[in-house]
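Peer 1: Residue numbers (the working numbering), protein chains in the order written: chain A, -5 to 325; chain B, 14 to 339.
If you're looking for bench data, these hints aren't it; they were derived computationally from the structure.
Glycine included, C-beta positions come from ideal geometry on N, C-alpha and C.
It is possible that some hints are incorrect.
A few chain A positions that, by computed beta-carbon distances, are all more than 10 Å from chain B [to be verified]: (1) G71; (2) G97; (3) L125; (4) T134; (5) R139; (6) L146; (7) V166; (8) L178; (9) F198; (10) G291; (11) P296.
Partial list, derived from the structure: chain A residues whose beta carbon lies under 10 Å from chain B [as the list claims (entries may be wrong)]: (12) V129; (13) L267; (14) I304; (15) I312.
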Amino acid sequence: MTDIPAPRHIPDRLDKPLRSAIFSWEALLVVVAVAIFAINSFASPYFLDPYSLSDLTFNFTEKGLIAFAMALLIISGEIDLSVAAIIALASTMMGMAVQAGAGTPVLVAIGIVVGLGCGAFNGLLVTRLGLPSIVVTIGTMSLFRGIAFIILGDQAYKGYPSNFAFFGQGYVWWVVSFELVLFLIAAVVYWFLLHRTSFGRRVFAIGNNPVAAQFSGVRVGRTKFILFCLTGLMSGIASVLITSRLGSTRPSIAQGYELEVITMVVLGGVSILGGAGSILGVVLAAFIMGLVTFGLGLLNVPGIVMSIFIGLLLIIVIALPIVWRRLRGGR
Amino acid sequence: MRAFLKYREIWLLAAIVVLIGLISTRFPAFADPGNLRQVFNDTSILMILALGQMVVILTRSIDLSMASNLCFTGMVVAMLNAAHPAIPIPLLIVIALAVGLVLGAINGLLVWRLNIPSIVVTLGTLTIYRGATFVLSGGAWVNADKMSPEFIGFQRAAFIGIPVLSWIAILVIALFFVLMTRTALGRSIYAIGVNPTASVYAGIDVGRTKFIVFCISGMIGGLSGYLWISRYVIASVEVANGYELNIIAACVIGGISIAGGIGSVGGAVLGALFLGIISNALPVINISPFWQMAISGSAIILAVVLNARGERQQGRIILRKVEAGT
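Required output: the full structure, derived from the provided sequences and hints.
Peer 2: So this is what it looks like as structure tokens:
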């Protein structure tokens, strides 16, 4: 009897046959993006102009930068609703620095440091005190923007130095804006971080089962703290870009961005329950949201009506695979 | 006595009394019964909304679309009133409840039938309902001069010395109290929040209960739509923009656990009152209203820090996935 059990082969990673690639979330997003792109090109003759397409990118680059960090945070099972408030606070601090006569490098440093500090504050509350992040960040959302309101009231800061405008308005080459380049670099960095490093594996592990991750030697608290810091950091960077693009600061700056960023992340296939998602999906979702808002804008559709399309897109894209599975599964 | 002090509502009530005391050291008239009645009336809508949100949060869900529902329903009744001033107000309230119910049922169906997390569904409907308001109104406003006197006057009429708006709030509080403490549905709502898996084994239809809960929050959103519009006498797309987070803030301050299963009618009411007192007090004690946001933010963080001590997990979840098989 040669009853020796066959040596178990444990693959390094699951095989990904073409079939599963075709039916993946990212493929669905590509189809949606191409469809919207095609519809747009037919609907408006101005759409395919390179300068139009370049303008389009401003619709999603700032939110997209935050969405990368937010994706990691949501994959780990947490959420940050205070990102837009961080933008407001960082922008207000930059405005104060301008009044004190600070130059561009100092302004950028202030924006980034304030963002990082706010993120660390969120992270400390969540990981040290063990509080639910959704509630903590609803609180800090009011707190951060509230501080901006206390400082600014109904005033606005203006008078940013002229070379500060480059970050939000400058072009690196032809129609390729600085914001777009930054967005693409961030996409690559976050893709590498999430999909090619042990840190990324830990993020997935925590999102799937924080207790098991803890017992496996993952420092859950510290990892989550780093993720909150990253989200704050990206919000700080976005704050620099937005402030530079607008050239002024009001306490109501970037109002409602937090929900758009989260929509982007969820549309990108990141599970709101944690444990699953990809950076490629978020990049595609950012493009889709940019395409929809810009295409409808060319057709003179008001912004508020565009939000209906974004909302419908979110629900339909989430619901489609579920309905599809039901129909095939015969449930 | 010790058991009595364990109720967090008592501590919140004490905090509110201290708060009123502090305010009256700088502005003695604030603690007058007449002024406190005014504060209660001002906070009525927030209290009603917080109760609607509470039943959703208790089942481990969240309804981010309440303020958009309020905006849409408010626009519907305002336009109806502008076009047909003859429609009696009680009928308009029934219409508001019905429209709100439909919007809530859409949320509930998506959560129940498709198992989409409620935060995703209501994030979507949050923008859809507000956008629909724009489509409905064409971006136009309905101003006070287009509303009938009855439409505006109904909630302001005094009944036994208290405005009708306050009476509606008292009625809603009473209804929710009965619902949560005296009915099987109320027990099911708590049970689902404490342990969805055990609830399934106890014979509770988790999905259907969540559907009902969203219907309730939808009806509350609709009712508040009429109350809000007739109080601030303007219906526009911007009505209650971002207010969904104030509602959740009231719940959190009221000790309702975002993880579900913990919270009470009294807590939600007191949480809303706490925010209402702050917003009413700031102008009279000469603090710029711009401070309000930061103060309520700090209050939320403080409340969640204090509440967290009381709700450390006592049980362990052994089976997790069964709850999905509704």
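Peer 1: Does each hint fit the structure? Answer for all of them.
Peer 2: Each hint, compared with the structure:
no.	hint	result
1	G71	holds, 12 Å
2	G97	holds, 29 Å
3	L125	violated, 5 Å
4	T134	violated, 7 Å
5	R139	violated, 6 Å
6	L146	violated, 8 Å
7	V166	holds, 33 Å
8	L178	holds, 27 Å
9	F198	holds, 18 Å
10	G291	holds, 15 Å
11	P296	violated, 7 Å
12	V129	holds, 5 Å
13	L267	holds, 6 Å
14	I304	holds, 6 Å
15	I312	holds, 5 Å
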